[in-house]
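Could you build all of it, start to finish, from the sequences and the hints given here?
Protein chains in written order, with the numbering used here: chain A, 546 to 1309; chain B, 546 to 1309.
The set of hints was computed from the structure by calculation and includes no laboratory data.
Hints are not guaranteed to be accurate.
One copy or any two copies: either way a pair holds, since identical chains are not told apart in the list.
Calculated lysine-lysine pairs in the DSS-like style (CA-CA distance at most 27 Å, straight line) [stated by the list, open to error]: (1) Lys1023 <-> Lys797; (2) Lys1023 <-> Lys1073; (3) Lys785 <-> Lys1031; (4) Lys1031 <-> Lys1078; (5) Lys615 <-> Lys785; (6) Lys1275 <-> Lys1250; (7) Lys1031 <-> Lys779; (8) Lys863 <-> Lys714; (9) Lys685 <-> Lys720; (10) Lys785 <-> Lys1056; (11) Lys1004 <-> Lys842; (12) Lys1023 <-> Lys779; (13) Lys1059 <-> Lys1275.
There are 2 protein chains.
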Amino acid sequence: MKKTFLSPILLLFFSTLAIGQHQKEFIDYVNPFIGTRNMGHTFPGAAAPFGMVQLSPETNQVPMFDEEGKYIKETYAYCAGYQYGDSSIFGFSHTHMSGTGHSDLGDFLIMPTTGELDLEPGTSDDQKGYHSSFRHETEKAKPGYYEVLLDNYNIKAQLTATERVGYHKYTFSEKEEAHIILDLMANIYNHKAKNVWSFVRVENDSTVVGYRQTNGWARTRYVYFAMQFSKPIKSYGHKKYNAPRYNGFYRKFDEAHNFPEMAGSEIRAYFNFDVEPGESVEIKFALSPVSTNGAMKNLTTEVPHCNFDEVVKSTQEKWNKELAKIDVKTPKEEQMETFYTAMYHTMLSPVIYEDVDGSYRGLDQNIYTSDGFTNYTLFSLWDTYRALHPLFNIIQPERNNDMIKSMLAHQSQSVHGMLPIWSHYANENWCMVGYHSVTVLADAVAKGTTDADLDEMIKASTTTANVSYFDGIGDYVKMGYVPEDKSGASVSKTLEYAYNDWCIAQLSKAKNDKKVEDEYTKRSSYYKNVFDKNSNYMRPKLSDGTWRENFDPLDTHGQGFIEGNAWNYGLYVPHEVDQMIEMMGGKDQFSNHLDKIFTTEIEDKYIEHHEDITKDGIIGNYVHGNEPGHHIPYLYNWTNHPWKTQEHVRMIMDTMYSNDIDGLCGNDDAGQMSAWYIFSSLGFYPVLPGSPNYAIGSPLVEEAKVQLGNGKTLHITVKNQSEKNVYVKKVVLNGKEITDFQLNHLDFVDGGELLFEMGRKAKK
Amino acid sequence: MKKTFLSPILLLFFSTLAIGQHQKEFIDYVNPFIGTRNMGHTFPGAAAPFGMVQLSPETNQVPMFDEEGKYIKETYAYCAGYQYGDSSIFGFSHTHMSGTGHSDLGDFLIMPTTGELDLEPGTSDDQKGYHSSFRHETEKAKPGYYEVLLDNYNIKAQLTATERVGYHKYTFSEKEEAHIILDLMANIYNHKAKNVWSFVRVENDSTVVGYRQTNGWARTRYVYFAMQFSKPIKSYGHKKYNAPRYNGFYRKFDEAHNFPEMAGSEIRAYFNFDVEPGESVEIKFALSPVSTNGAMKNLTTEVPHCNFDEVVKSTQEKWNKELAKIDVKTPKEEQMETFYTAMYHTMLSPVIYEDVDGSYRGLDQNIYTSDGFTNYTLFSLWDTYRALHPLFNIIQPERNNDMIKSMLAHQSQSVHGMLPIWSHYANENWCMVGYHSVTVLADAVAKGTTDADLDEMIKASTTTANVSYFDGIGDYVKMGYVPEDKSGASVSKTLEYAYNDWCIAQLSKAKNDKKVEDEYTKRSSYYKNVFDKNSNYMRPKLSDGTWRENFDPLDTHGQGFIEGNAWNYGLYVPHEVDQMIEMMGGKDQFSNHLDKIFTTEIEDKYIEHHEDITKDGIIGNYVHGNEPGHHIPYLYNWTNHPWKTQEHVRMIMDTMYSNDIDGLCGNDDAGQMSAWYIFSSLGFYPVLPGSPNYAIGSPLVEEAKVQLGNGKTLHITVKNQSEKNVYVKKVVLNGKEITDFQLNHLDFVDGGELLFEMGRKAKK
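Quick look at the structure:
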């Protein structure tokens, strides 16, 4: 394997280390289509690492609700706007979420067409409308680059992006009038209903600015833009689909044609150009969370030139640099693709959420300037606290520190005084349970990667943990558990709050604040209050102290768990695994339970109606396609059968991930699913974020060089690696053998050598 | 007459000059109720001079359209929210327009109630709803202060305001639970349909912030607020009237009760307090055009204390200082009231439109900082260029200079490159015709009151005058007139453009730019192109050069004029009155025509359907209740019968103005009607803004001391003044007799003595 940025001589040298692979750049191993079939919810479009602009094709316009207001199930497939099985493209929009289990965004859809102007999108089975059919043969996707032929119009579409600017290049095949449609009504999910306001100004013959406000998953969301065409607009116009009752003295104008101001709740604009065969129309399209002036500044700063290829090159250089942070060799070429695509998917969110001058929109809709940090948004924390942020603490410590400061800023702007639950473009969308920001804070403190003020972190965390009206916290604090009759998913909440509270205790410990530490250590034991000794399960308890009747530990509905059941989600006590196992009957009984999880088939009735549990991601009763069980394969380490962790982890990597289009077994969830794969491939996993510990698994790689962000490198070598040699015979870190299946971050943070010796037989 | 701020001894001294009047402050002569009956469109509430906050009662909630979308005529009476004939108050809102002929605003309606909470306003003939009946006996209004008893609840309501903060004081009569309703759906005009978005946060137990966006006369308007209660909120909540289809994970919360975030397109909030008999709940309510943080800064800067009376005192001191700028003696006490109420009405718009730190929202919705000026909005220029801005050039030169700079900033932010037509809270509402900003610029240059850059003013003016798609300008420039078949009200437009172009020529002349001066001087003669020699009228011409058939010079509909007819509006050539008179048949024929205007009864059919021509404001065919004729009484000065100007002007002052509730004969139009009265009372009027000339009329006052803003004073003395002595026998300025009935601004700008000698007989 060869890397970019190396001199030819070095390349020659390194090539001798390569194992039968062609000379490739890191980006060549990334296939952005992975996860775009079924429920991976990834998108194939162009983006820079952690970029706010993620410019990608939309293949469907299924709304969230039908005319009667009924939820349309098919919408769920379009969280990232694209499904590989589709054959029509409706345009290219500038914002996406990668892998999330709910959606929003899809801002500023651009579609080039020719022929008679049609501002209606149409449907994929309809010849009418501005959409176009396309074929995968004409489609190319690489980090920072996407290309497709729009068959209906014979237009070659090419996309690239910087952090804040999308760059479109549309090449036409005939001498004709081309239309560039800017559909301000298009959205991902719930599309028309979302639009609150749109505002557009044609500033001159090639520059257009504006913004729009939506009310969707994010309640009050503004996105501003500035777009520049590579040639003068010949003519333009727009159509209002929901005319205001009163249009005032605008009736003086022919607003629909060549009038430089457009505004309304539902509008579609178009810009016409005369083109010659082979001629391209390019569009630079900048976003801003702040203002159109901000977007313009982003545009001129990030792409001052008009060179599409230059942007592709520069963004791909950025990707190569980021992907190089873990330089691996895998036994099989396809594993390289799976691995680097996973790496790629861990860098599509959170996203940078500020202008080039540091201005950003705060949670209270006021404009702030990030002082001493870069502001990020899109924190899908119930997912990402598990492995994504821990991964950042290894290879992206600086960004993770910025993310922590972004969370603290969010907290200071929150009227609830709360750290983010799910931070979403200057909004809190409140998705899922727990207050996992505190875990991200504690993990960074445990690993020494943050310089955020410890007092501020503790205060923000304890304030968050005491917002009595949030998701049963009031009762939890008072009664020691969330009562199911007061707040649903009460067991999930109780377990996660207890774990989060352990994290707060760790923060307080770092500060030597014994009082707060004790308070939260006490709270961290509340998981015991929802353990029912009789059934031997975590079980929903009512406010009168009795257990909820009709308890079915396999059911995922109304049984105290969210997106899980007592069988699997009930094992969530990462901070006191030993005590939990003891409580549940001891190591062997627990190990048996784990075995049963992986072998008992989940009944269909428990799967249907569950968007987040898809059959692809299920092994017995273990759901890898969703987060609550991600630590489960590693729990064997706490029993007498750690070798079962090793075989299960390898089995999961082999069966739940691949380099196919449907290579993700469930939502990638903003990179969490991919982060699991990266950790597991390296041979360890953060079962307990907030501590410096990792549980040893079974590495997939043959070798890995991990850049630790501090200039140091962890070099992982795996001896006797093979498909069948899944068992770890020996682990040695910097010459010291590890026998407890625990790896400590602080033991390798200054770099060194981690050696795995593998074997075909379990070391029982 | 006595003034405030003078020592008792001085007061004693001055009192010897007083003519039978009691010891009064200037504000004592102001009656804010004048103009609140019929179509004056003024409001009685509390405001500081030129303040953004104008806190006033709403007596009706008539929407602009009925359920079928049909315009409801009665709405028009409520441009300023209050009609003296009403008996119900629906609350007190923070923004109003004074005297305008169209409306908007009415932001953030506050209503205190007791008893069972009712969030519906109800109607005045309904017992239900949160409104209350009231009686005028309990009502008091003075500059900066308003008071009323809300009979339904026995709540005494008192209001005052600084420039950016409204201060409410509600005194309750019983021990009970009080509700303070914040109705975010209430608007003046078109009320529910206007609301685009509302956003509210309860920051702590006594502070609430938020904003709302409306789409009304202003298309994209944001207003932000911060409110502080004098005691802790006991409980609060809100109701959504137009629930979003998707409310996301907010379903976790009981959003309706004590939840500190409220958002939606249609919401009403309430705040509960336990009160004792005689206890007051006070509310400080700040506005900002920028942000909630801006509003909070405005609040704490302008009213750092909690002393209602202190704010009343301080704002009334400001009013006394402003009103003192013209210190007059009138023959009758009631004329003092008419005069100082007129003065008051000239200082309610334009309004300051920036935060205390100089931040303001620009026309492009970006945030700017006013550098070296104070930013103003609400420029109703078709009205106010005539006499209001000329008045400012005498007594408010500094503010007028700021207004010019606000207009230039508006122009630089306009996507059309246009100076304001009707500047409206970071919007252009395009109301009426002409581009009269250029006149305001030229007038200030002619009078030496602006230090704005002359080049910038010329460039802004010429750019404005060439926006081809605005109101027929393209054709006007090409063909020398606006063709009626292309753009209605074509004669009004042609006449006003020609005059505006003369103003641009004056600006160019000041710069010695002969080329531009010649170009615009040429354009200024285009009025000739719509003069029909055969009918002897200004007449609508079609694009083929023929006159429009079926011409009725008395009709005000579809005859080429807006809110006027060929008889009166057709006399609008202020820059070439002599040539116009010559063209129309010479001085005597013209004088006869003027006579006929004042004596020929306007037929009813020409009045109905015309909101802006009300019978109250009509003398024959002369419409004083609207602007296009305001110069007409002064045109006799250009004939052989200047004494007719004198008698007509006095007659108009006597019959069209009074100190009664209905003392305005038509919309005050942002102070233009009042400015006419002030000028005419002093004995002269600016027939030709853009020149330093005033036409001599017939003064109403006995004496006046006019503070010129530069520290100098013009002292006007009127000898032999009496009701019957309406004729001017002699005018002497600084010892030099004026014989041409023209007064030159530059001759008195350094102060001096202006002497009128009156007589009972005309000096023919």
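Problem set entry | List of violated hint numbers, smallest to largest | 10 and 13
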